[in-house]
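Enquirer: Just need the whole structure built from these sequences, with the hints factored in.
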Amino acid sequence: MIGAATILLVEDNEDDVFLMKRALKSAGIVNPLCVAEDGQKAIDYLQGTGEFANRATYPLPALIFLDLKLPFVRGLDVLAWLRRDDRFKTIIVVVLTSSEEPSDLSNAYKLGANSYLVKPPTPQQLEELAKAFKLYWLEYNKIPGVDQN
Amino acid sequence: MVAVTSHAAAFREERSLQNEKEFWIRDVTLSCIKDFAYIFDRSGRFIYANKPLLDLWGLTLAEAVGKNFFDLNYPMDLATKLQRQIQQVFDSAEALSDETPYTSPAGHWGCYEYIFSPVFAKDGTVEAVAGSTRDISARKRVERNLAFLASIGQDLAHLGGVDEMMQIIGAKIGAYLNLSLCTFVEINEKEDEAVVNHDWHREDVPSLVGVYRLAEYLTEDYQRAGRAGEIFVVRDTKIDPRTDSKRFTELKIGSFVCVPLVRDGQWRFMLCVHRSEAYDWPEDEIDLIREMTLRVWLQLERVRAENALIRSTEASEKQRRLYNTILSSSPDLLYVFDLHHRFTYANEALLKTWGQTWENAIGKNCLELGYEPWHAQMHDREIDQVVATKKPIRGEVPFTGTNGRRIYDYIFAPVFDSNGEVEAISGTTRDVTERKQIEKASRENEERFRTLAKNLEEIVQQRTAKLQEIVMELEAFSYSISHDMRSPLRAMQGYVEALLKDHKASLNAEAAHYLQRINRGAGRLELLVRDVLAYSKVAKGDLQLKSVHVEKLILEIVQSYDHLAASRMSVHVQSIPMVMGHEGLLTQVISNILANALKFARPGLFPVVTVSAETLGNQVVISFSDNGIGIAPKDHEEIFKIFGRVYPEKQYEGTGIGLAIVKKACERMGGSVGVQSELGEGSRFFINLTKVL
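These protein sequence lines map, in sequence, to chains A and B.
Be aware that the first sequence starts at -15, since it is given in the numbering used here, and climbs by one per residue.
Be aware that the second sequence starts at 1137, since it is given in the numbering used here, and climbs by one per residue.
One or more hints might be untrue.
[Unchecked claim] Result set (DSS-like, lysine-lysine): computed pairs, CA atoms no more than 30 Å apart in a straight line: (1) LYS1637(B) x LYS5(A); (2) LYS118(A) x LYS1682(B); (3) LYS1637(B) x LYS1786(B); (4) LYS1735(B) x LYS1770(B); (5) LYS1676(B) x LYS94(A); (6) LYS1488(B) x LYS1500(B); (7) LYS1500(B) x LYS1526(B); (8) LYS5(A) x LYS1203(B); (9) LYS94(A) x LYS1682(B); (10) LYS1676(B) x LYS1688(B); (11) LYS1203(B) x LYS1308(B); (12) LYS1640(B) x LYS118(A); (13) LYS9(A) x LYS1640(B); (14) LYS1637(B) x LYS115(A); (15) LYS1637(B) x LYS9(A); (16) LYS1682(B) x LYS1640(B); (17) LYS1688(B) x LYS115(A); (18) LYS1258(B) x LYS1203(B); (19) LYS1276(B) x LYS1170(B); (20) LYS73(A) x LYS115(A); (21) LYS1676(B) x LYS1735(B); (22) LYS73(A) x LYS94(A).
[Unchecked claim] Now the stretches of chain A that chain B is said to cover, found in silico as 3 or more residues with beta-carbon under 8 Å: (23) 1 to 13; (24) 105 to 117.
Don't read these hints as lab results, they were simulated from the structure.
Just so you know, even glycine gets a beta-carbon here, dropped at the ideal spot from N, CA and C.
Expert: This is how it looks when you write it as structure tokens:
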């Protein structure tokens, strides 16, 4: 359970951002969703620097949807970076990508991803995925920090 | 004669006057000595002669007294001389001495030394002459023999030819020793031969020149003596028990002396002198003969050795010329160093390379011949090394001679003397410039080939790297398709969905229909992208083949794929042996074949697929037989091509990639795929894979 904790979506494609937001909404997920459009912005967001300096507007997320193919800093590099930092080690990272490359899959888990999802081809399938996600990650799964408080 | 009588009377008178007994004692005393003792009266007649002298003459004292030398039949000149000398002593009252040869009436030759001394009367006048004579024949003979030997020695030294030498020496010996025959006998015991190559003989005596068996020439006794080096002397062949008198009489040999010569334990030679009459060989003559034997033999040996040497020198000169010709005609450089590093021989080729003449070069060392100092020193060291180690040495060196700078391969080898010491160093040198060039060329060629091979390898590596790069680009392209092509498709489908759901109310039926068509197009494109990706995934990457349980795999596929569920088609699997394969690829293969069987089912007939296997050698043939519409044989090839299709897409949906994936996957597993079918007869797809042993 992550309650009302913020979800960060790291995604450069605005179509995918739209479809994801729509799928999450139709699945009944109401947590605030913040978006970082590239890898560098994801890092800035987590560090609370630059445009993300205000923690009230941009609170630390309890869960991150991370695309792999990102401009500037690649998704796997963002993952590696945040897992090196004690503050971010417990954040749930769900890789959400169109890549089915075995190397991406294994590298993501090696670097500390909690889950790896391939973007479904159709909106219906995406909505089903969002529902399954809600049930597992937001209702059954327990997370340190958020659930201990 | 009156005088004689008167003197004798006076002597007798004197004797009578003196003591008779005293005379007798004196006579006996004088007669006991070997020398002759005698007294002359004033007229030179004998008053007294002792017994040895009387014996020589063969007279009694009474017969001799009163006679002078003429009366005693001395040779006239000798008698005259002696008479004069007696007179001289009377006149001068001084003694005189002299010597003379004399042959006795009995034929005994002798040489005598005598002293005539005055005998003084009481008044100081010379009243008689006393004489004493000594036989010095032996001494004289020795002296004479020595002189003879000396003359023989001179002859030997001057005479060159053996034949001439033997003839002259034989004649000289014969004359000197009053011989009838002188033979030079060479003995060869091994061959049982006595060879008389030379002899000298008096005209009335036969020659003995010839080759004899030892036993023929000498009796056993003589042979034994000969081997022992003992001289044998026969003084009278008629009475000597060792000789066959009859045979010797035939040969007119009355006496002889044979002197054998033994050298190095071998009886080699014998000098035999013979007289036609019996003869009492004196010691000095035997000594002489012995000495002669040695000298003649030594000379004979010397002359022969010289002749042999001359012959061998001629032969070796000939050989030298022969070798020189051979060595000179050799293109290799051949030479000899002495221990002082000087050339003692250099063949034509070397002289030519130096641009030197023999006269100028021989006796010089390398440095003196203009070699560079380092080069000369190197050879000096090498020569010393060969001498010290007694082993050959080999080297290679460049040298600039009259034919330019060439590379030479050389060997210095020790030449040993009879004691095993190095006495010279022989050298052979070969011009290896061409060989070196060839070697160098071949080395360079080899190098070039190696470089070429290396380059080729590099090119291959570069190409491979490039290909890998291309493959990676293609993979990146596939990745790009999967990401970049799929996300717009997702967007298309997503927005169509959003319009249809979220704005349903504001859409009329036509607009909704168009959106449906967009959606279906996007869906088809999505399918195509998926299959292309599947195909490229099958085609690329490393593959590890493992043993696969195909039976089990088919059942899993049937269970996990909804569209292949038992409700839609029936799959019967018979026993299939384990095959070498890849589960992922085999899943692609099986699911595609099963999906095709379902897709191309005969209308109105429930699709049934029977999977069976057959082992052919190390291959397993897995057959998928369906009851579908079948494929015309003309299309059997087409269906395995990428985007190959038999029916229009409108009739049978699909990308035309499925069987291309099957074919590729089978090939990737080292196998193959085929089809057996007639239109309307159902199809049998079979895949060949390697059996697990």
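Enquirer: For each hint, tell me whether it holds in the structure or not.
Expert: Here is how each hint holds up against the structure:
1. Among the hinted pairs, LYS1637(B) with LYS5(A) is consistent with the structure: their alpha-carbon atoms are about 15 Å apart, no more than 30 Å.
2. Taken as a hint, the LYS118(A) and LYS1682(B) pair is broken in the structure, with Cα atoms around 40 Å apart against an allowance of 30 Å.
3. Between LYS1637(B) and LYS1786(B) the alpha-carbon distance is near 28 Å, which keeps this suggested pair within the 30 Å criterion.
4. Using a Cα cut-off of 30 Å, the hinted pair LYS1735(B) and LYS1770(B) holds, with the two alpha carbons roughly 20 Å apart.
5. Taking the CA atoms of LYS1676(B) and LYS94(A), the gap is near 24 Å; set against the 30 Å cutoff, the hint holds.
6. With a CA separation close to 16 Å, the supplied pair LYS1488(B) and LYS1500(B) stays within the 30 Å bound.
7. Of the supplied pair hints, the one linking LYS1500(B) and LYS1526(B) holds, its CA atoms being roughly 23 Å apart against a limit of 30 Å.
8. Pair hint LYS5(A) plus LYS1203(B) does not hold up; C-alpha atoms about 195 Å apart against a cutoff of 30 Å.
9. Restraint check for LYS94(A) and LYS1682(B): satisfied, since their Cα atoms lie roughly 26 Å apart, inside the 30 Å limit.
10. Taking the CA atoms of LYS1676(B) and LYS1688(B), the gap is about 26 Å. The hint holds against a cut of 30 Å.
11. For the proposed pair LYS1203(B) and LYS1308(B), the alpha carbon gap of about 40 Å is over 30 Å, so the pair is violated.
12. Distance restraint check for LYS1640(B) and LYS118(A): the Cα-Cα separation of roughly 27 Å lies within the 30 Å cut-off, and the hinted pair is therefore satisfied.
13. Our distance criterion of 30 Å between C-alpha atoms is met by LYS9(A) and LYS1640(B), whose separation comes to about 18 Å.
14. For the proposed pair LYS1637(B) and LYS115(A), the alpha carbon gap of about 18 Å is at most 30 Å, so the pair holds.
15. The suggested pairing of LYS1637(B) with LYS9(A) holds, with an alpha-carbon distance near 14 Å, which does not exceed 30 Å.
16. Taken as a hint, the LYS1682(B) and LYS1640(B) pair is broken in the structure, with Cα atoms around 54 Å apart against an allowance of 30 Å.
17. Our distance criterion of 30 Å between C-alpha atoms is broken by LYS1688(B) and LYS115(A), whose separation comes to about 34 Å.
18. For the hint pairing LYS1258(B) with LYS1203(B), the CA-to-CA distance comes to about 26 Å; that is within 30 Å, so the pair holds.
19. At most 30 Å may separate the alpha-carbon atoms for a hinted pair to count; LYS1276(B) and LYS1170(B) meet this at roughly 17 Å.
20. A C-alpha spacing of about 26 Å is found between LYS73(A) and LYS115(A), which places the hinted pair at or below 30 Å, so the restraint holds.
21. A hinted pair counts as satisfied when its Cα atoms are at most 30 Å apart, and LYS1676(B) with LYS1735(B) qualifies at roughly 28 Å.
22. Annotation: proposed proximity of LYS73(A) to LYS94(A) holds, straight-line Cα distance about 14 Å (limit 30 Å).
23. A stretch counts as covered by a chain when three or more of its residues have a beta carbon under 8 Å from one of that chain; for the stretch 1 to 13 of chain A and chain B the count is 3, and the coverage holds.
24. With 5 residues bearing a CB less than 8 Å from a CB of chain B, the stretch 105 to 117 of chain A meets the requirement of three and the coverage assertion stands.
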